[in-house]
Amino acid sequence: MTTQLPPGMHLETVDDKIMTLNVGPQHPGSGHMRLIIKVDGDYIVSCDPDPGYVHRGEEKMAEYRNYIQNIPHLERPVIHDSSNILYPYCLGVEDLLGIEVPERAKYIRVIAAELNRCIYILYWLAIYGIFLGHSTMFMWPAGDRELFIDLLEAMSGARVTHAYLVPGGVRNDLPSNFEERCLRQVEYFEKRLKEYEAIFYQNPLLKARTEGSGILSRTDAIRLGTTGSVLRASGVDFDVRKKEPYDVYENLDFQTIVMKEGDSYARSRVPYLEMFESCRIIKDALKKMPKSGSVRTKLKPNPKGGNDEVYRRVESGRGAIGYYIVSNNRPEPYRVKISVGSFRNLICMPYLLKGEKLGNMPAVYWGLNYWPVEADR
Amino acid sequence: MSSETDKDIEVKDTTDTHSDNSENTKPDSMSKDEAKKFYEEKGLDLSPDVPVKPKPIPAFEKSLADKISSKFGDKIRVDYVRSDRIRITTKREDIVDVAKFIRDELKYDHAESVSGVDYPDSSEIEVIYHLGSYTDEKLGRQIFALATRVPREDVPNPGSDATRTPSLRDVFYSVEFHERECFEMFGVYFEGHPDMRRLLLPEDWADIPPFRKDFKIKGR
Chain A
1 MTTQLPPGMH LETVDDKIMT LNVGPQHPGS GHMRLIIKVD GDYIVSCDPD PGYVHRGEEK
61 MAEYRNYIQN IPHLERPVIH DSSNILYPYC LGVEDLLGIE VPERAKYIRV IAAELNRCIY
121 ILYWLAIYGI FLGHSTMFMW PAGDRELFID LLEAMSGARV THAYLVPGGV RNDLPSNFEE
181 RCLRQVEYFE KRLKEYEAIF YQNPLLKART EGSGILSRTD AIRLGTTGSV LRASGVDFDV
241 RKKEPYDVYE NLDFQTIVMK EGDSYARSRV PYLEMFESCR IIKDALKKMP KSGSVRTKLK
301 PNPKGGNDEV YRRVESGRGA IGYYIVSNNR PEPYRVKISV GSFRNLICMP YLLKGEKLGN
361 MPAVYWGLNY WPVEADR
Chain B
1 MSSETDKDIE VKDTTDTHSD NSENTKPDSM SKDEAKKFYE EKGLDLSPDV PVKPKPIPAF
61 EKSLADKISS KFGDKIRVDY VRSDRIRITT KREDIVDVAK FIRDELKYDH AESVSGVDYP
121 DSSEIEVIYH LGSYTDEKLG RQIFALATRV PREDVPNPGS DATRTPSLRD VFYSVEFHER
181 ECFEMFGVYF EGHPDMRRLL LPEDWADIPP FRKDFKIKGR
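Protein chains in written order, with our numbering: chain A, 1 to 377; chain B, 1 to 220.
Chain B on its own, in the form it takes in the complex (with noise of 0.2 Å):
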């Protein structure tokens, strides 16, 4: 499980650094306070370059959340990422309901993408699918992002710990493959799924799942 194992990716440094930047660069291992205090020693602001405002939502975009959030209430957070992405949280144990609604009475018909976001410092894993349509005209421009969060353990055992979310495989037949990646990258297991093998690693990888936050890339 550590990091120093010989299947850690070799990476190399194809970018050519400004000599300005190498030396604010940030050293091997650092925790999370060090590395602040390294930052503010070097005088690097860390507030964000765009101040985040709450923003308005647009006619179409709310008429879309309205009607989930009428249906779910209380179940659900319906954020506006910015125009046409808006994005909806829900519990695990609603997922399957909600994609359902979204697929039946909101006319998505298929999955752009999965991914896996690690949240180490809450111990979870946020999974998010971004849903498109090809049917429905006036959702061309639209991706629906729906997301949800599963606990992480601190020493995954892909699945056969808590880290688990109902497949959305049987309303949106195009997860798939991306359900697959998402569990052999991030270690969730799809309950439900018919063919929850690995995907893109080697049979014989015997590594945490690498793209959670705690495998690191040799040599960064």
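Chain A on its own, in the form it takes in the complex (with noise of 0.2 Å):
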């Protein structure tokens, strides 16, 4: 019996010795994705990632809407870290548009891109720490966690999904003792983050489990195109905000994290030490801040972009967010094509797995700081 098979496929074997796995899609170990990995005894021979179950098409529901309607659905592939990838979008939308950013506005965007990133890297953090079987590291992150909760639903009045940023600045200004109460939270949290290190990271057992296992080399981190923490733990200092800085990033004082070593334990460090460095852009940027003035330019009813295009990126929790804007003449765009760090980060799986214990999988998958539900979009 011969059947047509569609290109790129073929009939597989059945090997004795080799065993497939299918990890997920089912929570897991994996997020709502499939690895299918064949074993060989304990060890992985090989890895197939195989995203898509939480594909929405949010960039197909963005050709139908306006850019102004565009805003709350675009968020929804990462509500942990909703204001970094809003945060592209208005930028492109704004060089469409031709539109002006009040100053004020791009400090506070600044702040809540920040506080976003560490509510993002607590939740990762805490996942991460349940996998590798600390539920401490769980406990813990989950609940500072909702230092910045607060202090985002303060700002924008939504505690996970705050649609804050827009096109022209952000929704609404601070409340009256926002300053003030940020500061204080912020410096606690500092304190708290030292605590981190001594119950996790100088953990003997997670240095066991991730020190040496899953190595990236430097090559191959800029071969695959890898970005966010997963290159700046392979030595490659490379981080949007430096690169091209967007909105103050030029004007505030921070420095990029970068580790030689390129294993998982690297890989589960930086964004950890890059949460300092968001406590001090918080604290510079409420410092440098003008105190008062307008905080978001209006927008012309249904305003329309010429027949243009944009690229935009920034850098989110998990590596650069682009966003690829074609507009011709309409309200609503021709194109948006995101492309979000998680899906670039997917092709180094199979590299990073092969050859690892099978037990081990957990702590080579989290330490990618993938987020399958922003990977599919």
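Hints listed in this document are in silico derivations from the structure and should not be mistaken for laboratory results.
There may be inaccurate statements among the hints.
To be verified - With a straight-line cut-off of 25 Å between C-alpha atoms, the simulated PhoX-like cross-links for lysine-lysine are:
#	chain 1	residue 1	chain 2	residue 2
1	B	Lys-67	A	Lys-300
2	B	Lys-218	A	Lys-243
3	A	Lys-243	A	Lys-300
4	B	Lys-36	A	Lys-243
5	B	Lys-107	A	Lys-260
6	A	Lys-287	A	Lys-243
7	A	Lys-191	A	Lys-283
8	A	Lys-243	B	Lys-67
9	B	Lys-62	A	Lys-242
Said to hold, decoys possible - Computed, partial: chain A to chain B, Cβ under 10 Å:
#	residue
10	Leu-224
11	Val-310
12	Arg-313
13	Leu-358
Since this is a predicted model, take the numbers as computed values, not measurements.
Virtual Cβ for every residue (Gly too), placed ideally from N, Cα, C.
With the hints in hand, could you dock these two chains into one complex?
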């Protein structure tokens, strides 16, 4: 019997030594995605990631709504990092429509983005901790996350999906006592963050499981086009906030975290150290921010871009997010392409898991800072 | 192939439409001329808010553009989109050579995204690669767009029709998953790609590639 198979597909022969395992698509250990893993005994021979279980067609939906209506649904791929995924969209639409953003709004956007980055990293750290069997590391970040959620709730009115950034600025001004409160919570959090070091990052069990596992060399990190903490843990000093500063990042005082090792331990440590930098940025921005002024440039109803295109990117908790927006004299964008960090880092999963023990899969997988919902869009 | 299948994406409108905007929204299934007339009757101006002016090219971008046009001449068209963004349009036969030149001489080392844009009016699909550089300090701000156009068939048969272009996977390794996504969403087959399978769509997807313009979302 000969069956015509679609291009790229092949029939698999049964080999007694190699066993195929489906990890996912239900959550334990893989997120909402499937990893088709072949194991020889306890060792992973090959891994074929199969995302798409949470694909919602955000890019298609964006073609049916005008530039303002697109705001709430475009933040859905990563609700924990909603300001950062809206940021490049706002920058892109501002470029298309030729809108100037008030100075105060630029600072508020940076504060919102950094608070959101902390929320995302803490959420990720909580899951990372529990999948490595460290339940304290689940409780602590999940609890400390509330500090920042409360702050963003005060700013935007919503706890998780803020839709706070809009083309032209931010949706509303800060509440009256915000600066003082923000400063107090951030300073408390910095002290708190130091305790994570002793309980988690110096834990011998964590080090035994992650040090030297899943090594991604600097050359491979560049060749595979990885981004974010994965790239910086492999010794590449690249952060969009430094290389292509948007809004007011060039005025603010912070540094990029780079580690040379390229193993799972480095990949789990880079986001943690970045939270200290986020706190520095927030404190600096609060100091330098104009104390009053407009926070939003009003747009015309149903604004239209010309026959134009724009590619804007920002650094999110998981790496660079780029928006490619094509407009054609209409109130709706003609095409919106979202290039997200999780999708770009997906490609290194087969490389890192090959030769690892199956039991080490969660340590490598979660160390990639991969968010399936964002990767599928 | 109709738009009324069960596989269509259910969309819940999460946006609050302003009353003054809601009467201006376009009803379903209008032809282009009808839509234009509709907007005109509502008194809506379809000309862009931002006048499109040719922009002067800054020196650094100009030097990049000159390097590539001196090598390839008529085979490429260089557009300056805005600062730090250059765009090269080329024919699909030349795209591998141009990409190799960009990698070896201009030192771009990875692809940030590969997107398709569907143009049913001119029966073309544009494939556009956004390239960046990690190794060259000077190129940190730059994004280089490399675009090509492939013919588009009204009744697509992904993988076996003329909608195909050479894969850049041997030049930029990082395009592997991006090209797979472009294949399933637009039906563009990348010749020479080692693993041209679907990525995000379900295995039993039997409709046209969903990001083409003739695939309509239900209720819109």
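Check each numbered hint against the structure and report the violated ones by number, ascending.
Going through the list in order, the structure violates hints 1, 2, 3, 4, 13 and respects the others.
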